[in-house]
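Construct the complete structure from the given sequences, taking the supplied hints into account.
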Amino acid sequence: MNSEQLPVISQSPIAGRPHKNTGWRLFLQTVIARAYPRVVGQQGEKSWMFFDVLLPLGGVIAYVCVYKAIGAPEDYVGFVVMGGAMTAFWMNVLWSMSSQLYWEKEQGNLALYIMAPNSMMAILLGMALGGMVATTLRALVITIIGSLMFQVQYVVSSYLQLFAVFILAMTALYGMGMMFASMFLLLSREAWHLSNLAQEPVYLVSGFYFPIRNFPFWIAAASSIIPLTLGLDAMRQLAFASGPTLGFISVGIEIGVLAVLCVVFLTAAHFLLAYMEKLAIREGRLTESRR
Amino acid sequence: MTTLALQNPKSRLRNFVVAAWLGWQIESNWTDPFLFAVYSVVKPISAAAILVVMYSIITQGNFDSPVFPYIYLGNTFYMYVGAIMTGISWTIIDDREHYKTLKYMYIAPISVPVYLIGRGVAKFIVGSISVTITILFGVFFLHVRIDPLAVNWPMFVLALVVGVLMLAMMGLMLAGVTLLTAHHYGAYGEAVAGALYLFSGAIFPLEVLPAYLRPVGYIMPTTYWLELIRRSLVGSVAQAFPTLSGLSDMQILGILVGLTVAFGILSIVVFRWCEYRARERGLIDRVTNY
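So the sequence lines, in the order shown, correspond to chains A and B. Numbering-wise (my numbering), the first sequence opens with residue 223 and increments by one. Numbering-wise (my numbering), the second sequence opens with residue 9 and increments by one.
Hints were generated in silico from the structure; no laboratory data involved. Check before you lean on any hint, since a few could be wrong.
[Said to hold, decoys possible] With a straight-line Cα cutoff of 30 Å, these simulated BS3-like cross-link-like pairs (lysine-lysine) come out:
1) B/K108 <-> B/K18
2) A/K242 <-> A/K500
3) B/K108 <-> A/K268
4) B/K111 <-> B/K18
5) A/K268 <-> B/K111
6) B/K108 <-> B/K51
7) A/K290 <-> B/K51
What follows is the structure, given as structure tokens:
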């Protein structure tokens, strides 16, 4: 790791005196510094990439085989492939965003984050951006392999809307992850269990493997608080021939709701982080390690 | 003294019981009983509900077909694979990386394989709670038709006992491999469990797989174990798919016992070899900041 790759403190023209950034420059450099290990550092152990792709792909294959065994229409295979790829993002938000500050606490880094003159919000944003880039690559690999393996037919009605939905869903999702991270700041061993608990129930209510239109309206509406619910539903409507007939609500409304969720989660993350940080300091829980 | 302790069956039993108690404390004391109960109920029911919703969408709610209990029961009992097999191998990572106590286990007068299997008991108990709740939920709310008077109880109990032993031995083999690996969290365990999920006909018949992959399923003991469990609970499920319909219950039991013995011997050999290599390479107390 050299200074070009991680320019937190840059050298000033006056030899021997490091120039210390402040304000938005420091914020930006913190974001880059925290995003760096997410994008580049994770590639250090190549086998992680293999397992990160293989494990969700195994789930995709299993659910596709179930659909084939019970004679489902071909588009459902595509729904599963798309949902399976999106599980990578949910797993990333749960394990590498929400419970990340717990891991940092366990390893002794959290106190350093708090002591350093940078913004915790910048650290969370760096984690989110780095995680999003790295996970997008993995999700893309899962989508390509799954699509080729099961010959999924995509009929995209609007690439622009598809791109907009994806970006909005990711922004809202990682905003939610940042909010959870601040809430998890106070947790210890239970953080692991709570992240573990939030997998299958979310796969169910968000319709990772089937259209949520099949739920009663109010259940589907309530589950829309998780950005992937509407994101997946809109992407399926835009990418598959039978998508619009199986969609929950119109894509336009889903885009609007996702935009609102982005603002709500990012704002909530900002305020919750400040509150939880103060609370954790007051209660002396930033360095505790309850195994 | 160490050798004598290891050879004494009473010491082994005490070792096993204490490991089981320790495992239970680790599994359950991270929260209050209410949250633990919620955790034990919500997760398995959600996993089962995904399949139920998928099935009901495509079949328009045809729960009378034997295909439904095939899928539901296969998925439910597969929870034991994750709980026992993956759980035992996870103990290595937990003790080595998290609690940093694995080295102390090796210098204590205990048998490490017995200790590992003892730790698996807690996973078995938690898994049994999940399996029971999921079955009851299926019977009362999801049209899974299990008639207690028609269940072949002796076959069910026998299949369950053999299956749990088989999974424990496979977990021991995986624990051996985990002793040699670093930087991989529980990925090996999850990958093996995922592969078994695909190749054991847990939620779909092997016929759905390409012909060249099916033999993998035929040599897996979990394939026969799940089939036997399903048949003992719902006899008609044997007709759901043709995979093993040509075999009688006793034939399947015979194959299951034979494969369990074979995998059991292989597990002990693999674990001993991996353990030797781990000691030789100084991996027992290696911490990788997982």
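Checked hints:
Taking the CA atoms of B/K108 and B/K18, the gap is near 27 Å; set against the 30 Å cutoff, the hint holds. Of the pairs offered as hints, the one joining A/K242 and A/K500 holds, with about 26 Å between alpha carbons and a cut-off of 30 Å not exceeded. Taking the CA atoms of B/K108 and A/K268, the gap is about 26 Å. The hint holds against a cut of 30 Å. A threshold of 30 Å between alpha carbons decides the hint, and for B/K111 with B/K18 the separation of about 23 Å falls inside it, so the pair holds.
A distance of roughly 28 Å separates the Cα atoms of A/K268 and B/K111; the hinted pair therefore holds under the 30 Å criterion. Among the hinted pairs, B/K108 with B/K51 is consistent with the structure: their alpha-carbon atoms are about 29 Å apart, no more than 30 Å. Proximity of A/K290 to B/K51 is assessed by CA-CA distance (about 25 Å); at most 30 Å being required, the pair is judged to hold.
In summary, this structure violates none of the numbered hints.
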